[in-house]
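Going down the list, the protein sequences come from chains S and Y. Going by numbering that gives the first Met the number 0, 85 is the number at position 86 of the first sequence; the sequence numbering is gapless. Going by numbering that gives the first Met the number 0, 119 is the number at position 120 of the second sequence; the sequence numbering is gapless.
Heads up, some of the hints might be wrong.
Copies of the same chain look alike in the list, so a pair counts if it fits in one copy or across any two.
Think about it this way: if two alpha-carbon atoms lie no more than 25 Å apart in a straight line, the pair counts; the simulated DSS-like pairs of lysine-lysine are [claimed, not checked]:
#, residue 1, residue 2
1, LYS236, LYS293
2, LYS137, LYS99
3, LYS119, LYS142
4, LYS236, LYS53
5, LYS241, LYS73
6, LYS284, LYS137
7, LYS35, LYS142
8, LYS137, LYS55
Hint data in this document are derived by calculation from the structure and do not stem from the laboratory.
There are 2 protein chains.
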Amino acid sequence: MASFTTHASAQPLKNADELIDSVETFIFDCDGVIWKGDSLIEGVPETLDLLRSKGKRLVFVTNNSTKSRKQYGKKFETLGLDVSEEEIFASSFAVAAYLKSIDFPKNKKVYVIGEEGILKELELAGYQYLGGPEDGSKKIELKPGFLMEHDEEVGAVVVGFDRYFNYYKVQYGTLSIRENPGCLFIATNRDAVTHLTDAQEWAGGGSMVGALVGSTQREPLVVGKPSTFMMDYLADKFGIQKSQICMVGDRLDTDILFGQNGGCKTLLVLSGVTSLTTLQSPNNKIQPDFYTNKISDFLSLKAATV
Amino acid sequence: MASFTTHASAQPLKNADELIDSVETFIFDCDGVIWKGDSLIEGVPETLDLLRSKGKRLVFVTNNSTKSRKQYGKKFETLGLDVSEEEIFASSFAVAAYLKSIDFPKNKKVYVIGEEGILKELELAGYQYLGGPEDGSKKIELKPGFLMEHDEEVGAVVVGFDRYFNYYKVQYGTLSIRENPGCLFIATNRDAVTHLTDAQEWAGGGSMVGALVGSTQREPLVVGKPSTFMMDYLADKFGIQKSQICMVGDRLDTDILFGQNGGCKTLLVLSGVTSLTTLQSPNNKIQPDFYTNKISDFLSLKAATV
């Protein structure tokens, strides 16, 4: 799915106005761009105000599926940012949007390996589900002859980050995928690590997805970055041309690749996980169009060029 | 690691004596060859007696790492089979044998995602370990700023089938592999499914290994089938030429591939997971030298040719 077209080396962003004027929509990754853990990154409110004052559409995209759109809305509010639910695209929402886009039958069920965000979005979209946090305490007694029953109406298994991951869930998801004819295998993302706390990197959704890949020998359909599903959905919903989008993120292999896969302009910010050394390393094959320290450089680079 | 050389189509075994006379060692997979779950397969004791009476060396190999050699010995005894511990090679033992083969330092520790068999074999070999079943009830509280401490002396993470698999273990193993310089990542096997009970297929060691591959983006060193580590070890330990070995198993992608990767003769038995239809399907690229219904065909095919 990922395309690794070689791009020319990234240029430092020098004239922010030129970039801003060249697009109509900015898609922002959240962690490492808007906030770090629970702290807002310096200058973000003023930057978003500037972009809104210029009539730009703002969209916030995250691979984190533990919260719903509504729950993310509260996080923005707590940080003092005026962002509406409709501007937020979390991979939890992307799961429900994907099921709608393929007319997934409402009489079928979704088995969830993941947290509350996915359940809330499925519920809002009117889908029946099972699994999720409540299966986190279930155990399997492997007595001779024991058989785990599973629901034959499960038509999709959705896998996202799950701190209550266990063998019960692996087996339930595996049985559904292997034994229910046509059962879909959908992943919110395959991120190796995630930033659940500021203190260290935590094993990400890629570990839960990897477990199911190992036991089913099937590849999932990924709805989060770097797959283009969310980009296609956004372009379609808002009627935007992809060349009129600038994707802004702190990760090369998700955010920047996501932007490039979608045919958008790309801006890497160094306020998250990627350092300038990593960007410029000969081992790095993913080059954004531009890079800068943080999004509030839009303010100072603007001032410098006026 | 796996070699997929195309072999000519498998032949039905017609003259067992000829095969028996052509080798000095038989390596048997256990589940689906010697027993199914907790039941001995018909004619096995007489077949093993016949092979011993002809002076053949017998070796029993299993990817299952939940038991130690000694614990497997008891299973053979319970089923009425006279097999010594030294003839049994489980992937739990292979882990310890591998660490010995590379002179893994005794002052380093091994973090185990797996069950008792691995712990027992590490203990017998004199290695320090942590993890295993006792981490099965550990939970992570993802409070802001929380950091999981890990032991910097962990020099190897071993991953095998683990019914008590959880996020704590995934994160501990991931931290060790990502942050401890030179830390090894060793898998007992990557089997998609395993036969913990007769009633259904269960997600196998491949799911635990897949989770760690997903979060570390590293590939493990596999000590079980179809990797040739155990074959090399056996050949070296007993001074056997690999062409003098016949590998007998019920699975194409582990047993038969294991035999072929090692340069041995191969015999598929249809008493386990593989049907004649699967063997002869155009999609199957793995062809053993011979196939037969069950190992006790050695007795009747012998009688027919005398």
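For each hint, the structure was consulted:
Taking the shortest alpha-carbon separations for LYS236 and LYS293, neither the intra-copy value of 29 Å nor the inter-copy value of 61 Å comes in at or below 25 Å. Taking the closest pair of Cα atoms, LYS137 and LYS99 never come within 25 Å of each other, the shortest separation being 30 Å inside a single copy and 38 Å across copies. Taking CA atoms no more than 25 Å apart as the test, LYS119 paired with LYS142 passes between copies only; the shortest distance there is 22 Å, against 35 Å inside one copy. For a Cα distance limit of 25 Å, the shortest separation of LYS236 from LYS53 inside one copy, 21 Å, qualifies, whereas the shortest one across copies, 76 Å, does not.
For a Cα distance limit of 25 Å, the shortest separation of LYS241 from LYS73 qualifies neither inside one copy, at 29 Å, nor across copies, at 65 Å. Neither within a single protomer nor between protomers do LYS284 and LYS137 lie at most 25 Å apart by alpha-carbon distance, with minima of 43 Å and 39 Å respectively. Only between protomers do LYS35 and LYS142 lie at most 25 Å apart by alpha-carbon distance; the minimum there is 14 Å, versus 47 Å within a single protomer. Proximity of LYS137 to LYS55 under the C-alpha cut-off of 25 Å is found in neither arrangement, the shortest distances being 48 Å within a copy and 47 Å between copies.
Going through the hint list in order, the structure does not satisfy hints 1, 2, 5, 6, 8.
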